[in-house]
Amino acid sequence: MSENDRNDAQFARDIFRALPTTAVPAGLEARILADFDRLAVRRPGWLGRFGERLWPGAPAWQPASILALSLAVGLMAGVFVPSPTAYSTTSDQVVTAALDSAPVMDFDKDP
Amino acid sequence: MVVDPDTDLVVRVGRGDRTAAQALMARHLPGMLALARRMLSGQAEAEDCVQEAFLKVWTHAARWQPGKAKFETWLYRVTLNQCYDRLRKKPTEPLEAAADVPDGGDSPDRGLEVAALETEVSAALADLPERQRAAILLCHYQERGNIEAAEILGISVEALESLLARGRRTLRTKLSHLRDGAV
Numbered sequence: 001m002s003e004n005d006r007n008d009a010q011f012a013r014d015i016f017r018a019l020p021t022t023a024v025p026a027g028l029e030a031r032i033l034a035d036f037d038r039l040a041v042r043r044p045g046w047l048g049r050f051g052e053r054l055w056p057g058a059p060a061w062q063p064a065s066i067l068a069l070s071l072a073v074g075l076m077a078g079v080f081v082p083s084p085t086a087y088s089t090t091s092d093q094v095v096t097a098a099l100d101s102a103p104v105m106d107f108d109k110d111p
Numbered sequence: 001m002v003v004d005p006d007t008d009l010v011v012r013v014g015r016g017d018r019t020a021a022q023a024l025m026a027r028h029l030p031g032m033l034a035l036a037r038r039m040l041s042g043q044a045e046a047e048d049c050v051q052e053a054f055l056k057v058w059t060h061a062a063r064w065q066p067g068k069a070k071f072e073t074w075l076y077r078v079t080l081n082q083c084y085d086r087l088r089k090k091p092t093e094p095l096e097a098a099a100d101v102p103d104g105g106d107s108p109d110r111g112l113e114v115a116a117l118e119t120e121v122s123a124a125l126a127d128l129p130e131r132q133r134a135a136i137l138l139c140h141y142q143e144r145g146n147i148e149a150a151e152i153l154g155i156s157v158e159a160l161e162s163l164l165a166r167g168r169r170t171l172r173t174k175l176s177h178l179r180d181g182a183v
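These protein sequence lines map, in sequence, to chains Y and G.
Going letter by letter, the first sequence gives residues 1 to 111 in the UniProt record's numbering.
Going letter by letter, the second sequence gives residues 1 to 183 in the UniProt record's numbering.
Please keep in mind that the hints were generated in silico from the structure rather than gathered at the bench.
Because the structure is a prediction, the values reported are computed rather than measured.
Beta carbons: idealized from backbone N, C-alpha and C, even for Gly.
Careful, some of the hints might be misleading.
Counterexamples of contact, computed for chain G against chain Y with all Cβ distances above 10 angstroms [claimed, not checked]: (1) GLU118; (2) ASP127; (3) ILE147; (4) HIS177.
What follows is a list of derived Cβ distance ranges for each label pair [what the hints assert, rightly or not]: (5) G/VAL157 to Y/ALA23: 39 to 47 angstroms; (6) Y/LEU75 to G/ALA44: 20 to 28 angstroms; (7) Y/GLY27 to G/VAL3: 29 to 37 angstroms; (8) Y/GLN62 to G/GLY111: 53 to 61 angstroms; (9) Y/ASP5 to G/GLU113: 26 to 34 angstroms; (10) G/GLY111 to Y/ALA60: 51 to 59 angstroms; (11) Y/ARG17 to G/GLY67: 32 to 40 angstroms; (12) Y/ALA60 to G/ARG88: 32 to 40 angstroms; (13) G/THR7 to Y/ASP5: 32 to 40 angstroms; (14) Y/LEU69 to G/HIS60: 23 to 31 angstroms; (15) Y/PRO25 to G/VAL157: 31 to 39 angstroms; (16) G/PRO30 to Y/TRP46: 32 to 40 angstroms; (17) Y/LEU39 to G/VAL3: 27 to 35 angstroms; (18) G/LYS90 to Y/ALA23: 46 to 54 angstroms.
Construct the complete structure from the given sequences, taking the supplied hints into account.
Next comes the structure, spelled out in structure tokens:
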């Protein structure tokens with residue numbers, strides 16, 4: 001910092017120190033607290049807080065609609081997408097496998 | 001991790017604690033109002049500006065994430081942004097400051113001197129570009145360190161120093177006649 005800069009800085013400090021301090025009007029504090037009270041009345045319940053954790057900053061309808069949409073997609077999939085068991089025939093083809101015995105891997109012998 | 005003396009209060013405000021809201025307001029309102037008043041040169045506008053800033057605090061406190069940034073830095077940045085918005089909407093009225101100047105205390109003459117000084121300083125500040133004005137006020141009026149002021153303004157320390165150097169030079173040139181008298 002040059003000598004000139006230092007003098008400018010000192011001048012600025014002196015100017016502002018000579019100014020009176022700004023008092024806070026009581027009415028302003030009351031207005032600001034009234035805003036707080038107004039918002040506190042509208043503070044969300046546990047469901048709202050859960051939504052806030054799920055999707056911070058979003059209005060409640062956003063997480064709610066996404067939840068509803070995913071539920072609907074799940075239900076549609078459950079109803080309309082055929083499951084693999086739907087392809088099984090009624091013929092008596094039963095395959096059994098013993099899960100508690102070691103598999104036989106002897107390829108020389110016929111089963 | 002930023003050590004923030006306001007974290008506890010902000011968290012409590014987020015839970016709807018009115019006492020914490022009062023304490024947070026008592027801690028920051030005088031500084032915010034003083035800054036806004038010098039930025040805008042008008043008491044009523046400055047009051048509206050800090051009221052808007054606190055409204056943002058009440059609205060966002062529940063989502064405040066401690067450790068990310070210092071609350072005070074965020075708060076003063078919000079206040080300055082409110083000031084910039086108002087400055088862009090409406091041209092400044094530097095002489096309004098004289099109307100609501102507090103008295104000088106000791107004597108009527110001193111009161112008049114202070115009022116005259118206030119008017120001249122307000123006029124000189126109003127002529128500065130808004131970023132220079134904000135930098136000068138943060139560093140020389142509120143006596144914040146350069147790093148903190150740069151964080152509030154969202155600029156580098158080098159950029160802040162450049163703003164300060166230009167702002168101080170202009171201020172000194174405009175107010176040079178006060179050097180041996182009022183100051």
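Against the structure, the hints come out as follows:
| no. | hint | result |
| --- | --- | --- |
| 1 | GLU118 | 6 angstroms, violated |
| 2 | ASP127 | 14 angstroms, holds |
| 3 | ILE147 | 16 angstroms, holds |
| 4 | HIS177 | 12 angstroms, holds |
| 5 | G/VAL157 to Y/ALA23: 39 to 47 angstroms | 33 angstroms, violated |
| 6 | Y/LEU75 to G/ALA44: 20 to 28 angstroms | 58 angstroms, violated |
| 7 | Y/GLY27 to G/VAL3: 29 to 37 angstroms | 35 angstroms, holds |
| 8 | Y/GLN62 to G/GLY111: 53 to 61 angstroms | 57 angstroms, holds |
| 9 | Y/ASP5 to G/GLU113: 26 to 34 angstroms | 28 angstroms, holds |
| 10 | G/GLY111 to Y/ALA60: 51 to 59 angstroms | 55 angstroms, holds |
| 11 | Y/ARG17 to G/GLY67: 32 to 40 angstroms | 35 angstroms, holds |
| 12 | Y/ALA60 to G/ARG88: 32 to 40 angstroms | 34 angstroms, holds |
| 13 | G/THR7 to Y/ASP5: 32 to 40 angstroms | 37 angstroms, holds |
| 14 | Y/LEU69 to G/HIS60: 23 to 31 angstroms | 28 angstroms, holds |
| 15 | Y/PRO25 to G/VAL157: 31 to 39 angstroms | 35 angstroms, holds |
| 16 | G/PRO30 to Y/TRP46: 32 to 40 angstroms | 37 angstroms, holds |
| 17 | Y/LEU39 to G/VAL3: 27 to 35 angstroms | 28 angstroms, holds |
| 18 | G/LYS90 to Y/ALA23: 46 to 54 angstroms | 24 angstroms, violated |
In this structure, the hints that do not hold are numbers 1, 5, 6 and 18, in rising order.
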